[in-house]
Amino acid sequence: MGSDDSYNFVFKVVLIGESGVGKSNLLSRFTKNEFLHDSRTTIGVEFSTRTVQLDNFTIKAQIWDTAGLERYRAITSAYYRGAVGALLVYDISKHLTYESAERWLKELYDHADPHMVVMLVGNKKDLENLRTVPTEEAKDFADKKGLMFMETSALDSTNVEAAFNEVLTAIHKKVASREVTRGSISAVTLSSPLGLTREAQEERKGCCKSS
Amino acid sequence: SSSSSSSSSSSSSSSPWSLNNMEAPPPGSQVWPRPPGAAGEPRLCGFLQKQAGPLRAWKRRWFSYEQNQNQLFYFRSPQDVAPLGRIRLSGATFTCPLNAESGTFHIQTPERTFILKAVSQELMLYWLQQLQVKRWQHRDTSTGPDRTNTNNNNLTGGSAGPAAPPKPEPTLCVLQELVWILHKALEASQLEKRSCSEFLAAQDEQRRLELLRHGERLAADLRARLDGAKMEAEALRRRLDDRDAQLAELQEEVRLLEEKNAAKQQVIMKLTDQVTSCLSDFSGSDQNQNHQNHKQLQQQMENLKDDLAAYQTQNRFLNSEIYQLTKLWRKSSEQERSLMVKCAYLEATNCQMESRYLGVLRRLQEAKALAPEQQEAVQRLIQDALGREAKGVVKLSADRDHDEYGFKIVPDYEVEDMKLLAKIQALEIRGHSLLHMERPLLARWAQYLAGRSEDDLCPSPELKALLRSGVPQQYRQRVWRWLVRTRTRTVWERHPQRYQQSRTSPHPACRQIQLDLHRTLTTNQNFSSPSSPALQQLRRVLLAFSWQNPAVGYCQGLNRLAAVALLVLQSEEDAFWCLVALVDAIMPQDYYTKNLLASQADQRVLKDFMAEKLPRLAAHLEGHGVDVSLVTFNWFLVVFVESLPSDILLPLWDAFLYEGSKVIFRFALALFKYKEDDLLKIHDNVEIYQYLRFFTKTVTDSRKLAAIAFCDMNPFPRRLLRNRRALHLERLQGELQELEEQQKEFVTESAPPLPCGPAPPTEQRG
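Residue numbers (the UniProt record's numbering), protein chains in the order written: chain D, 1 to 211; chain F, 1 to 766.
I should point out that these hints are in silico values taken from the structure, not numbers from a laboratory.
A quick note: this is a predicted structure, and the numbers were derived from the prediction, not measured.
The beta carbon of each residue, even a glycine, is placed where N, CA and C say it ideally should be.
A portion of the hints provided could be inaccurate.
With a cut-off of at most 25 Å between alpha-carbon atoms, the simulated DMTMM-like pairs for lysine to aspartate or glutamate come out as follows [stated by the list, open to error]:
no., chain 1, residue 1, chain 2, residue 2
1, F, Lys408, D, Glu34
2, F, Lys744, D, Glu107
3, F, Lys117, F, Asp80
4, F, Lys744, D, Glu34
5, F, Lys744, D, Asp110
6, D, Lys32, F, Asp684
7, D, Lys32, F, Asp384
8, F, Lys408, D, Glu102
9, D, Lys145, F, Asp384
10, D, Lys139, D, Asp156
11, F, Lys594, D, Glu102
12, F, Lys744, D, Glu99
13, D, Lys106, F, Glu741
14, D, Lys32, F, Glu687
15, D, Lys106, F, Glu740
16, D, Lys106, F, Asp384
Rough simulated footprint, nothing fancy, chain F against chain D, three-plus residues with beta-carbon under 8 Å [to be verified]:
no., region
17, 10-20
18, 61-70
19, 154-161
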């Protein structure tokens, strides 16, 4: 407990990518520090939250895990709305999942804020001997697209924490520095600076209703 | 005259069959010829057939003998005066030809031959006899014209003489022979007379000599001929002798053969005797043996009878034993049952107490007013309570972690800090299930299904009500099978082999199916192991379905539906048909196809219903910017699989398979209603979402939930649902079209995209 203490920001982050690349396990690793070898298929959207401390701020990360199946695109894309960050996940051992990254990116920008923070995540780093996507290739692609990049393993938890934290930090930076005009970025945060204070106050006085 | 009298007397008396005939006249003769003489004035007369004319036709005529003229007159009828004709008997001869019809006789006169026929042979002979007598009598009495005849007789010589007068007893043959001899004698004498007269007529010696010589020549010639004839006779005699010798030889041979034959017959006789004796011997010994066998059998039968009696007594004893044991067993099982009930009740009470205790602890934990050491004590107590799980009282039935279908009875909470709540819930579920002995329901189902075959089940309000209460586990497979068969009847009647046919070849969806196999019902015992046969069954069912319905192919979520079907139906083929029933019959069209359009529409329909049926909650969620479809979409697409605990899920499916997709709406609304108060207490968007993620699993009272779904949510007209669905589907399609147009516009407006996508792997590696 204590993880759902009062918070200053709520950031909505979506996990996207082809089916079976390990999105749900990244989520469970990050929010519950669990890895299920047989995590169930995601139907539609699932989500989980975790509160992290960045600098002096408490940030509640609301991470939306979406189904990777093409057919769910119409449903899941509806949930991109309001997301300020995204992890575009592919499987380093399955080149096909990497090849579709551009399609996912387009999908994301079609339905979400174009200024959102996006990280390209090569998951299943533990399957090094089965790798079909070279790190450099993916890195180049991420650079060209202006994406952050990281390779992770939900199985042995390599870089999972780091990846989420980097994304959250980047979002926070964007929000805090207000590098974008207020109209743009504040609209994508779940709580505007005004609302943030109000919410934070509310949260503090009623912290016993956490469950 | 004496001879004539004697002859007449003899003719009337000594002819044996004339007398006989008089006494017993042959039947059928109309008129009996009356013999003359004996009584009054008898006349010889009667009907005879007379052959006449060129056609030789028989005509019936009345014949009457006239003594004076010795003539036989014949008339057309007895009354006629003028005769048709007459036969003069004085020069007549009578014959009866042997080869003619019986009764036929001829009267030959010098002028012509009359052919007559009497009715019978006897009558004919009578007539002939009488006519002979008449002729004889008349010749005696008459003097004139018959003298020449006598002379002729005399001329023939002494041999003929004595023959002429009729013998006292003349038989027909004798008379005929006599006549014939007389004729011959007459002929011979006439010949002699002619030669004598010729000889006498010769004029001179020479002539006579010549005649003599001629006679001698004739004699010599005759002698020579005689010699020839003699020689011939000799030769013939010799031949005859030869023949006789031959005959003798042959006779000898015949005799030998006969002897041989006799000998052989004797041998045969002997052999036959032997055979019969052998046979009789054999049958005799057989009988003997039979007798022995019979005795043995009887002995055996006696033994068997003894055995039987023994067995009967034993059986009687055992029966009583069984009876007593059954009584004992029943008594003890009754005791056991009552103890079980008591135990269950106690356990339930215990569970309730414990859950209440834990609830109190939980509240204490949240209470801020407690002193630090008190808080510490509470924490310790909570730790104890959670730790007790391992060896606690609830573990009395430790084997019941999973239900009959392999689902975990107490759901896993994915949230770390929910353990206490989970524990409370587990205790509540346990308490509920222990208290709700499903006996009445079980009895109702047993009664309903008794004597019904699978085809006998038919839709009825009774069945509907029963299904809403849920099907007991032991009948669920059967009932589901029937529900599925009913839903898919039209398809499987046309293609009964559809499952077997469609699963052979791989499908484009194969990869995704394979990927999802290990991610299906992961918490279920039957699917958790990677080597479980259920996974391969699931693969085959999904693959078969992707061929059966190419428009859907495979869609994530179908794996869960198929898995539940497999668990309940226990058969790949039935699970396949269950999937067909679900996708093709129960769910609206396009629920699982591209864009999941109907699924999206249903989410909007649900929002409408929530606004109507749960207005307060709907407003609350709206106010906090909560989109319930985030959670409910999942519920609808997989019909609550992995959202609800199995003791709620399966009864829900029972009703769902029968009533259709409206049941999903009912339960979705009921779930919100069930936890409405809890939800209304939460005033934070994230927390509401958080709560929505798992609240379905905290529902413990399945009866209460079902009551809300099926009663509190009424009225729930089907037509309303249909109309809403159609409305939202139309809107969605419009929006989709609009979006597509916008995208097209965007693409054409913006510059062609930068060529910086992920290059194909070959290029990169090269």
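Hint check:
no., hint, verdict
1, Lys408(F) with Glu34(D), "holds (19 Å)"
2, Lys744(F) with Glu107(D), "holds (14 Å)"
3, Lys117(F) with Asp80(F), "holds (21 Å)"
4, Lys744(F) with Glu34(D), "violated (43 Å)"
5, Lys744(F) with Asp110(D), "holds (12 Å)"
6, Lys32(D) with Asp684(F), "holds (21 Å)"
7, Lys32(D) with Asp384(F), "holds (23 Å)"
8, Lys408(F) with Glu102(D), "violated (41 Å)"
9, Lys145(D) with Asp384(F), "violated (54 Å)"
10, Lys139(D) with Asp156(D), "holds (22 Å)"
11, Lys594(F) with Glu102(D), "holds (21 Å)"
12, Lys744(F) with Glu99(D), "holds (23 Å)"
13, Lys106(D) with Glu741(F), "holds (16 Å)"
14, Lys32(D) with Glu687(F), "holds (17 Å)"
15, Lys106(D) with Glu740(F), "holds (14 Å)"
16, Lys106(D) with Asp384(F), "violated (53 Å)"
17, 10-20, "holds (count 3)"
18, 61-70, "holds (count 3)"
19, 154-161, "violated (count 0)"
The structure does not agree with the numbered hints 4, 8, 9, 16 and 19 stated previously, though it agrees with the rest.
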